[in-house]
Amino acid sequence: MISHSLRQCVFSTPKSLLSISARCFSKEMAQKAPGKLLDVLGYHIHFETVGNGPKVLVLLPGAIGSTRTDFSPQLEKLDRKQFTLVAWDPPGYGFSRPPERTFPVDFYHRDARVVAQLMKQLGHKKYNVLGWSDGANTGMILAAMYPERIEKLVAFGGNSYIEDIDVQLLEATRNVEQWSQRMREPMEALYGPERFQKLWWDYCDFYKRLLHNQGGDVCRAELAKIRCPTLIVHGGKDPLVTPEHPAYLLRHIALSKLCVIPEGKHNLHLKFSGRLQQARD
3 MISHSLRQCV
13 FSTPKSLLSI
23 SARCFSKEMA
33 QKAPGKLLDV
43 LGYHIHFETV
53 GNGPKVLVLL
63 PGAIGSTRTD
73 FSPQLEKLDR
83 KQFTLVAWDP
93 PGYGFSRPPE
103 RTFPVDFYHR
113 DARVVAQLMK
123 QLGHKKYNVL
133 GWSDGANTGM
143 ILAAMYPERI
153 EKLVAFGGNS
163 YIEDIDVQLL
173 EATRNVEQWS
183 QRMREPMEAL
193 YGPERFQKLW
203 WDYCDFYKRL
213 LHNQGGDVCR
223 AELAKIRCPT
233 LIVHGGKDPL
243 VTPEHPAYLL
253 RHIALSKLCV
263 IPEGKHNLHL
273 KFSGRLQQAR
283 D
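Last residue of the sequence shown: 283 (the working numbering), numbering continuous.
Some clues are possibly wrong.
To be verified - Computed list of lysine-lysine pairs in DSSO-like fashion (alpha-carbon distance at most 27 Å, straight line):
no., residue 1, residue 2
1, LYS79, LYS122
2, LYS200, LYS210
3, LYS227, LYS79
4, LYS57, LYS128
5, LYS239, LYS259
6, LYS200, LYS154
7, LYS127, LYS83
8, LYS83, LYS57
9, LYS200, LYS79
10, LYS154, LYS127
11, LYS38, LYS227
12, LYS200, LYS259
13, LYS259, LYS127
14, LYS83, LYS128
15, LYS239, LYS210
16, LYS57, LYS122
17, LYS79, LYS128
18, LYS79, LYS239
19, LYS57, LYS259
20, LYS210, LYS259
21, LYS127, LYS79
22, LYS239, LYS128
23, LYS38, LYS57
24, LYS239, LYS127
25, LYS34, LYS128
26, LYS57, LYS154
27, LYS210, LYS154
28, LYS34, LYS154
29, LYS79, LYS34
30, LYS57, LYS127
31, LYS83, LYS200
32, LYS128, LYS38
33, LYS227, LYS200
34, LYS259, LYS154
35, LYS83, LYS122
36, LYS79, LYS57
Everything labelled a hint here was simulated from the structure, so no lab data went into it.
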């Protein structure tokens, strides 16, 4: 990793890889939790552990995501002799229910505390973090709150603040009936159509509250507290995260490096998982 000079690592991608990839989940998978359940700080947390390698890596999913909707490529393809992967469903998401998900303005900090305690209960004193979208936000807060535990951080599709444009971009996705079938089906399989729509409405409403009640702040103050080497990954065609966000993170996280995948969209880790591994290495 290098310091926060405006150096970028740019990957070109063949045209065959340009189409957006859906989150991965089947109706069969929705019937039974693929992992285990553990009581953590009063929550019933679902998690999966894969591999037995020396590098411990915790995977943090995006909004309303779960272990398998958001990280199937990583859980299935990363070298199990090199990595020990821990993926989780945050409180109220996936199989970490009941209780159902709530969206207080500090829920990223809440999730960071819960996943830190999960890793402690699993016996992992030091580990690496890979977070996507909301998981990137949680990961940055986790690295700031527990700097002695986090060895390296990979954050893609995240943002430390939101502005009017960010709310507008998310609001355009409010009606899930307008989502593509490939994007909608995994969530309907996991939550059921009505619960999925309600959950996404609640998340969109949270974004508005965050902007109006908290000045849009997610974790700006925490960035200066991140001590570990950090890889920021951004998709050049991300429809939800504007380029200003990764640039801001690069300026404010000390040991950071920015990698841009020009043809990547918001869920680029599902389509370009091999290239992300190259960038991380």
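Hint by hint, here is what the structure shows:
1. A threshold of 27 Å between alpha carbons decides the hint, and for LYS79 with LYS122 the separation of about 26 Å falls inside it, so the pair holds.
2. With a C-alpha separation of about 16 Å, the suggested pair LYS200 and LYS210 falls inside the 27 Å cut-off, and the hint holds.
3. With a C-alpha separation of about 32 Å, the suggested pairing of LYS227 with LYS79 is violated against the 27 Å cut-off.
4. Among the hinted pairs, LYS57 with LYS128 is consistent with the structure: their alpha-carbon atoms are about 9 Å apart, no more than 27 Å.
5. This hinted pair checks out: LYS239 and LYS259 have alpha carbons roughly 19 Å apart, not beyond 27 Å.
6. Between LYS200 and LYS154, the direct Cα distance comes to roughly 35 Å. Violation of the 27 Å bound is thereby established for this hinted pair.
7. Pair hint LYS127 plus LYS83 holds up; C-alpha atoms about 19 Å apart against a cutoff of 27 Å.
8. With a CA separation close to 9 Å, the supplied pair LYS83 and LYS57 stays within the 27 Å bound.
9. For the hint pairing LYS200 with LYS79, the CA-to-CA distance comes to about 33 Å; that exceeds 27 Å, so the pair is violated.
10. Under the criterion of a C-alpha separation no larger than 27 Å, the hint pairing LYS154 with LYS127 is consistent with the structure, at around 13 Å.
11. Of the pairs offered as hints, the one joining LYS38 and LYS227 is violated, with about 32 Å between alpha carbons and a cut-off of 27 Å exceeded.
12. A threshold of 27 Å between alpha carbons decides the hint, and for LYS200 with LYS259 the separation of about 37 Å lies outside it, so the pair is violated.
13. Of the supplied pair hints, the one linking LYS259 and LYS127 holds, its CA atoms being roughly 25 Å apart against a limit of 27 Å.
14. Restraint check for LYS83 and LYS128: the C-alpha separation of about 18 Å stays at or below 27 Å, so the hint holds.
15. Only pairs whose Cα atoms come within 27 Å are accepted, and LYS239 paired with LYS210 is accepted, the gap being roughly 24 Å.
16. Only pairs whose Cα atoms come within 27 Å are accepted, and LYS57 paired with LYS122 is accepted, the gap being roughly 16 Å.
17. About 23 Å separates the Cα atoms of LYS79 and LYS128, which keeps this hinted pair within 27 Å; it holds.
18. Taking the CA atoms of LYS79 and LYS239, the gap is near 25 Å; set against the 27 Å cutoff, the hint holds.
19. The straight-line distance between the Cα atoms of LYS57 and LYS259 is roughly 20 Å, inside the 27 Å bound, and the hint therefore holds.
20. Of the pairs offered as hints, the one joining LYS210 and LYS259 is violated, with about 30 Å between alpha carbons and a cut-off of 27 Å exceeded.
21. Distance restraint check for LYS127 and LYS79: the Cα-Cα separation of roughly 25 Å lies within the 27 Å cut-off, and the hinted pair is therefore satisfied.
22. At roughly 34 Å between alpha-carbon atoms, LYS239 and LYS128 are farther apart than 27 Å, so this suggested pair is violated.
23. The suggested pairing of LYS38 with LYS57 holds, with an alpha-carbon distance near 21 Å, which does not exceed 27 Å.
24. Only pairs whose Cα atoms come within 27 Å are accepted, and LYS239 paired with LYS127 is rejected, the gap being roughly 37 Å.
25. The suggested pairing of LYS34 with LYS128 is violated, with an alpha-carbon distance near 30 Å, which exceeds 27 Å.
26. A threshold of 27 Å between alpha carbons decides the hint, and for LYS57 with LYS154 the separation of about 10 Å falls inside it, so the pair holds.
27. At most 27 Å may separate the alpha-carbon atoms for a hinted pair to count; LYS210 and LYS154 exceed this at roughly 31 Å.
28. Taken as a hint, the LYS34 and LYS154 pair is broken in the structure, with Cα atoms around 32 Å apart against an allowance of 27 Å.
29. Pair hint LYS79 plus LYS34 holds up; C-alpha atoms about 22 Å apart against a cutoff of 27 Å.
30. Distance restraint check for LYS57 and LYS127: the Cα-Cα separation of roughly 12 Å lies within the 27 Å cut-off, and the hinted pair is therefore satisfied.
31. The hinted pair formed by LYS83 and LYS200 fails the criterion: a straight-line CA distance of about 40 Å is larger than 27 Å.
32. Annotation: proposed proximity of LYS128 to LYS38 holds, straight-line Cα distance about 21 Å (limit 27 Å).
33. Proposed proximity of LYS227 and LYS200 is contradicted: the alpha carbons are some 35 Å apart, above 27 Å.
34. The straight-line distance between the Cα atoms of LYS259 and LYS154 is roughly 12 Å, inside the 27 Å bound, and the hint therefore holds.
35. The suggested pairing of LYS83 with LYS122 holds, with an alpha-carbon distance near 22 Å, which does not exceed 27 Å.
36. The hinted pair formed by LYS79 and LYS57 meets the criterion: a straight-line CA distance of about 15 Å does not exceed 27 Å.
Hint compliance for this structure: hints 3, 6, 9, 11, 12, 20, 22, 24, 25, 27, 28, 31, 33 are not met, and every other hint is.
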